[in-house]
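Letter by letter, the chains look like this.
There are 2 protein chains.
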Amino acid sequence: MKVYVLRIGHRPDRDKRITTHVGLVARAFGAHGFVLSPCDEKVLEKLRDVEERWGRLLEEIACTNSPLKYVKTWDGTVVHLTMYGLPVDSVIDEIRQKDKILVIVGAEKVPREYYELAHYNVAIGNQPHSEVAALAIFLDRLYGGAELYRQPVGGKLRIIPTEKGKKVVKVGEEGPSGGAPGVRAERGRGGRGEGVQGADEVRGHKRGATDRDLGDET
Amino acid sequence: MKVYVLRIGHRPDRDKRITTHVGLVARAFGAHGFVLSPCDEKVLEKLRDVEERWGRLLEEIACTNSPLKYVKTWDGTVVHLTMYGLPVDSVIDEIRQKDKILVIVGAEKVPREYYELAHYNVAIGNQPHSEVAALAIFLDRLYGGAELYRQPVGGKLRIIPTEKGKKVVKVGEEGPSGGAPGVRAERGRGGRGEGVQGADEVRGHKRGATDRDLGDET
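Respectively, the protein sequence lines represent chains A and B. Taking the working numbering, the leading residue of the first sequence gets 8, the next gets one more, and so forth. Taking the working numbering, the leading residue of the second sequence gets 8, the next gets one more, and so forth.
The hints are all genuine.
Here are the simulated lysine-lysine pairs, BS3-like style, with alpha carbons at most 27 Å apart: (1) A/LYS116 with B/LYS49; (2) A/LYS116 with B/LYS23; (3) B/LYS79 with B/LYS105.
With the C-beta cut set under 8 Å, the calculated list includes, among others, these residues of chain A facing chain B: (4) ASN133; (5) GLU138; (6) ALA143.
What follows is a list of derived Cβ distance ranges for each label pair: (7) A/SER73 with B/LEU75: 46 to 52 Å; (8) A/GLY152 with B/PRO45: 30 to 36 Å; (9) B/VAL178 with A/PRO94: 16 to 22 Å; (10) A/SER73 with B/LYS9: 48 to 54 Å; (11) B/PRO45 with A/ASP96: 34 to 40 Å; (12) B/CYS46 with A/GLU101: 44 to 50 Å; (13) B/ASP106 with A/LYS79: 49 to 55 Å; (14) A/ASP96 with B/ALA69: 31 to 37 Å; (15) A/THR80 with B/PRO94: 36 to 42 Å; (16) B/VAL160 with A/CYS46: 42 to 48 Å.
Keep in mind the hints are simulated off the structure, nothing from the lab. Beta carbons are placed, not taken as given, at the ideal position from N, Cα and C, and that holds for glycine.
Starting from the given sequences, assemble the full structure and let the hints guide the process.
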């Protein structure tokens, strides 16, 4: 199965953060490609930065200024996430049988054509909430939760799950039993570092922070 | 089980949209209360507006300027969502046994105290993505997916899930078999209305749009 996420209707002047979250969710929840429309190099750059630091999970990061054409020429199944669609649980088993899936995530008003072009208009509940959440739940259902355990290729840092505080190791120093040699941030440390699972934590890491830096940046 | 979501570190000048998404996810994914810190009346107002239009799902919408005190005086279990925490799948069964759960969602850097105060630091995968997605997945795991089927109390509008386009009915006109009398938006309509499952769709509806308006606003 190959899954691409197409974010349409992105407004560079006001959607940067939400769209970045959409892209990061695509990456972290098992999509193979992320395509942004219209193009916004800053968002793509942020995603590439995350891939460089945390490892490669996406095969392609791209953009298009012809999103309708992109959808029309997609040689696979088209899924459009919308609160007006059919319950995800009623269609996910069928969708999971497909080879190539394009998941459309709208930003501003979604033109009528997308509803028509989509093979599946899928709702994650029928209440208004967030396209970020909708994409995460859709992919989580699609992969049955297995997406959370994918291991990235390369990159510089890995997190060792811990009860309190932060354990971050450099790639290559994880050690056979899960990080002993590379662990410099002691357990229970906490600190002011980027603990929140949000896009913002990425922002502070452009200078190639090691695990030591993670708790010390302000 | 009673679940509250506490959003901490909100920056009114730049987090309004993300925090609104967090609040809407809390509402749509089964939380009973949403507490914002620090206070930002505009975000709370938006949530109240959604509750008024789409029906009541939250029992409490509140804010606090003493978040640490709020956590310290919480007489229940404290969960902190962080990419450095333990895998959600390894702790969710235990958490599900608790009576009262406070879910902390950070925005900017999360102070060390929260890691210490939390009974569970929980990671939705150990990759950076989005606090909006993290909260959605956590609540989805907590409720085993049942949260998507909760019915709100009152409100003005209900969506009837549909294959293409939009079906929206006024509350009270749903009809016994699912909306026949109230359905004015015909199937296959699509249109430029707010189809995306995002907070933005809420914005255009302040004037009390009926289903007719839903597809016509620009």
